[in-house]
Amino acid sequence: MYVKGVGERRAIALEKLNIHTKYDLLTHYPRTYENYSNLTKINDVFAGETVLVVGRIYNITSREVRGLTIINATLEDETGAIRLTWFNQKYLLTKLHSGMRLLIIGKAKYDSWNGLAISQIQSFTILEQDEEPELGITPIYPSTAAISQQVLRTAIKNLLASMPPLKEILPQELLSAQKLMPLDSAMRAIHFPRDAFELDMARRRLAFDELFLIQCGLMLIKRQTQDERLGISHKKNGALIKAALAKLPFELTGDQKKVFRAVVKDMESKLPMRRLIQGDVGSGKTVVALLALLKTVESGWQGAFMAPTEILAIQHYEKFSALLTDLGVRVGLLSAKITRSKKLKEELYEKISSHELDIVIGTHALIQEGVNFARLGLVVTDEQHRFGVNQRSTLEKKSDVLPDMLVMTATPIPRTMTLTVYGDLDVSLIKELPPGRKPIKTEAKSLRSRNKVYEFVRAEILAGRQAYVVCPLIERSESERLADIEPAEEIFDMLSNGIFHDIPCALLHGKMRPRDKDEIMEKFRDGETKLLVSTTVIEVGVDVPNASVMVVEHAERFGLAQLHQLRGRVGRGAAKSYCILISDSKANVAKARLEILEKTNDGFKLAEEDLKLRGPGQFFGEAQHGLPDLKIADVFRDVEILLQARDAAEKFITDDDNLKYFASLRENLALAYGDKFSQITAN
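In this note's numbering, the protein residues as written are 48 to 730.
Quick caveat, the hints were computed from the structure, so don't treat them as lab data. Just to be clear, a hint being listed does not mean it is correct.
Here are the simulated DSS-like pairs of lysine-lysine, each with C-alpha atoms no more than 30 Å apart in a straight line [unchecked claim]: (1) 317 / 289; (2) 214 / 698; (3) 390 / 558; (4) 294 / 312; (5) 317 / 398; (6) 698 / 678; (7) 485 / 564; (8) 492 / 652; (9) 652 / 638; (10) 282 / 317; (11) 623 / 570; (12) 366 / 289; (13) 269 / 312.
Please work from the sequences and hints to get the whole structure.
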């Protein structure tokens, strides 16, 4: 990457900001802006203010303090003088000369060494003798200690000055209909806007482009599933589903019935089903998935159920087998334990390929080479965000026809996120909890209350129940930031040798061998172990109805959605259940997060709050592997732009000629989606 002002050392420093190419630099958008429209006279500068001053520089000196270069100088204007201080910018000694005119942007501070000084200098510009300074809105970029704001601004300014106008990627009709400014103007204005209106227009244009490209890509993926091969038209519901419903120890809730009707309609259609079921922890998504699997079996096809963890796969296998064996449905388990034995693995692969199994439950092992289904009719993936687009499409390819697909997630996703992250899927919600599910009482406690908390846990265990203790770390971290956090190993030692010395305790974490983890979980599920100290490996789907208490240590280290998932491990039985969040954090965001959990058990409300607190970038990145990142759009703030982009993409994609002849958009889709886009548009 050659850009004036970016040498080898700076290029290496830029890589830490994920800037490797000119395109990366161009799309390294400001995180905020400062409005420097007014010059401040030196005589009017006060400590604590960020100011814009112009003057001549004199008395340039430097000194070394513990390997740190400190440069001092004096800036003078007609009203007075002020000290300037730069840290660790030795190159300035050859750049700054006595008598130069400078435009300085920085924060004034008072200290005993320099008195009043501008010591947090964000940027400076060398001015010619009679040059008028450029005033206005100044971009503030994400940066590191090695790359200053001045360096980033100069590099981006040089890049914009040297590059030809950007080619337009959207058709003129779309630009006019959406009242969007040209791409080249938007890219220049987002970095150096003339005023607030131009900045707003530039941000809207670039956010629209990002969301429009994502929507086009998702719609092409969806269209591919409807164009390439016909799906399976399943038979009407028959005796098998009726028999299974009769065997269930409960009646389906209204939401479960409604969602199953939508699934039935999809499965009986000729088009492949692509449906996402969102439901809070314990809402009964798995029952709907089970009925869908029976529908495919009844129509002469096989079903695959992909779980995110081995423990959960075994749990589903045991429950499905108990319910279905009497109905003549053959259920198989494909787990790491089984694939370790060559003989067992080959036997199981043979049963799958010869249709001796109707439903196969497994983890990632289901997408391994060698697993070939005789007639795969339905793919169910549980906790979709742990798999991503690419893995689910690998499983789909294990059939000559395009199987129906049902995705389940217990991570409630706000509507704007479902439009973006799961735009290629139809979405169903299960909000109603089955009768008998008691709300979990959640309380946040300080570290001072820890002893009382564990006395309460002991009382619950002595009353015949079980408990979880969840910790953020396995072992002591060397990181200074995490140094105060007690790891699971230390918490386990403290509890098992202390207040719970006479109670069966166990430690579970992700570094253990799979067989050891399975054994520990089995003992806890069977009631042999009463207290389980664990990391977040128990977050997904572990079902122990007798567990009535969960304690989360250092709860401030977890996100809202994760804490909600964790507390869903209790409240599955008849006993009143509790989730106790221990935190010593003084941070306002951490306190706000824990207060929200105390007030509500509604996962959808929590998801909205989590998105506000964490921002969409992190949520989006975790939710769906295989989609391009959002660099400027914010799906929470830009709901209106998202809906406009979705409508525009829908109209655009329906006309094949648009993609065929609009080369720039094709290039951008290819850049965003990589190989996936090539596969989509190859036919």
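Item to check | Hints violated by the structure (numbers, ascending) | outcome: Hints that this structure does not satisfy do not exist here, as all of them hold.
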